[in-house]
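Novice: Use the sequences and the hints to build the structure in full.
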Amino acid sequence: MANRAVLISSNERSERDVMPLVKMMTFAAWTLLGIGLLLSLLNMDHFSDRNASLMVGIGFMVGSVHIYVIRTAIHLVHSRAASKTE
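Per the working numbering, the sequence shown runs over residues 291 to 376.
Where hints are given, some of them may not hold.
[Unchecked claim] Estimated spans, in silico, between C-beta atoms of each pair:
no., residue 1, residue 2, range
1, 325, 367, 54 to 64 Å
2, 314, 349, 19 to 29 Å
3, 332, 366, 32 to 42 Å
These are computed hints drawn from the structure, not numbers from a lab. All C-beta atoms, glycine included, are put in the ideal place defined by N, C-alpha and C.
Specialist: Spelled out as structure tokens, the structure:
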């Protein structure tokens, strides 16, 4: 097998486009929030820690907030890096 060397000119930028990731994470966060609200509202009759579907619904809502915060951090870091290069 032959190894090939690839040269990248210094004029080319190797920036990543994070907008598809940001959009996908936004969609996932809102979807999980909706699922969590639906599960929680449908199972409010027995408000206890033994109510598994209620706890899963609350977990979905907490997870959606975490996903949205990570998405926001990625978006802010990328926009700051893009503004520094211009």
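Novice: Would you list, in rising numerical order, the hints stated earlier that this structure does not obey?
Specialist: Result: hint 1 breaks, nothing else.
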